[in-house]
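*Asks:* Read top to bottom, the protein sequences are chains A and B. Residue 289 in this note's numbering is what sits at position 289 of the first sequence, and the numbering runs on without skipping anything. Residue 307 in this note's numbering is what sits at position 8 of the second sequence, and the numbering runs on without skipping anything.
Worth flagging that the hints you see were computed from the coordinates, not collected in a lab. One thing to keep in mind: the hints can contain errors.
[As the list claims (entries may be wrong)] Which residues of chain A face chain B? A few of them, derived with a C-beta cut under 8 angstroms, are:
| # | residue |
| --- | --- |
| 1 | Met28 |
| 2 | Leu29 |
| 3 | Gly60 |
| 4 | Asp62 |
| 5 | Pro152 |
| 6 | Gly249 |
| 7 | Thr292 |
Just so it is clear, CB atoms sit at the ideal spot from N, CA and C, and this is done for glycine as well.
These are the residues of each chain, in order.
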Amino acid sequence: MRWIGWVFGMFLLLAGLPVQGQNDLLDMLDQEIKPVRVPVDATFKSTRVINCHSVERMRGGDLEFHVSHRFGLINSGFKKFYGLDESSSHVSLEYGITDWMEVGLGRATVNEYFNGFAKFSPIRQSKGRWAMPVSASIYLAAMTTTKDYPDPAWVVDAIHRRTFVAQILVARKFAPWLSLQVSPTWIHRNMVATPQDPNRLFALGMGGRLKFTKRVALSIEYFLLKDRTLLTGPPRYNPLSIGLDIETGSHVFQIFVTNSFNILENGFIGETTRTWTKKELHVGFNISRVFTVIRKKHE
Amino acid sequence: MNKIFTLIFLIILCNQVSAQDTLWFTKTGHLYFISHTDIIDIDANHYQTGSFLNTRTGEIVFTLLMKSFKFSLPLAEEHFNENYVESEKFPKATFKGRILDYDAMKLFPDIDYKVIVEGDLTIHGVTSKVKEQGVLRRTGNEIRANSKFTILLETYNIKVPNIVEDKVAKEIPIDVEMKYEPYKKSGGK
């Protein structure tokens, strides 16, 4: 009986030893390192989908110089050089105070607007532990027109020159190649053309991008304006824009075709009087250049 | 029979003890890399590198999440993850190797043990054999491991487009700084 014990003992000894040798250390390490929450970055390359702000913002310490142009109508013919003679533009400086808060100041040519905004990004899409399915940003803007009134006899308080915009931007990066965003938008205009025009407008924006190489993506954006038939003056249309995003290092270049000539939210959502069905289209582009003002310290 | 059970018990105990005694562990290892060019220096730290060191066999493994690199240039962090290492496709970098001619006796307290580590380094889904120098030093109840080595982006199929070619270095020096503690099986608790 004694030898059985020894054999059994030897067996255990041999069986026990390889346990450690065979146990793959790398697998063990994977088990030991608990999954962490990993944020999903770069839902969009730019701070704009096309016209509309995207959930993205400057990270803390980064400053963006953003230039937008919308040329005239493509179908205006050779005499107007297919719209390139005319343009509306918007320039702005946008700064990331923290990774989740951005402020910006800008100027648009149409109706001579100055605009200021703040964008907060409290919710970031993430994977892993406590995964979050979407990113969400809140965009709050105020703009004031500095244009002279048609009749100098009009004496109107400065407050009437202002317009306010609030947006809730919700986006999800479904895959590295696909991101979609919905953008409910509220616009409050302190002064409107006639008493019949509503001061408040609501619109639902939808947009997305299809990234087909590491640096080039197709982007699409559409806004549904509620009550657009209540607006007086020329008929308003929903803005639809389709274009390409091209990224080159610290620049993002967006070029697109759109039926809106205006660049600010109150304009492209509420004042779009051209339509795709009549082939009234504009070529537009956005250029973004990012400067790092404050480098992050991680020590 | 009692002797046999005692023997079995001892064998099991020995295995247990040796398994615990020879494994050293960290999940807060530090890596640093810099891409130095005349135009711009882009650097990043990683403070959550996981590693095991087996001081009985000389085996050493590392794993880290690419997304956890912290860059001093925030935009560089996005480009790194999106365009260069493609973190969503290849979330981890790993190393699995061993110390060549390992001699546990040289891991004497407070004396530098210069080692050569050989193994498989996987970055961006590409595995490459590497052989690099490092230093181990045991102090009290911890082992420090340090290494400096350089990788070529080309080796790991990390492509730098022409347009930013002179802003991203082709060779990236990496500093590794590990502080191991004796491994206590946490059992995921």
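*Asks:* Now, for every hint given, state plainly whether the structure supports it.
*Replies:* Each hint, compared with the structure:
no. : hint   : in the structure
1   : Met28  : holds, 7 angstroms
2   : Leu29  : holds, 5 angstroms
3   : Gly60  : holds, 7 angstroms
4   : Asp62  : holds, 6 angstroms
5   : Pro152 : violated, 48 angstroms
6   : Gly249 : holds, 5 angstroms
7   : Thr292 : holds, 5 angstroms
Checked against the numbered hints given earlier, this structure breaks only hint 5.
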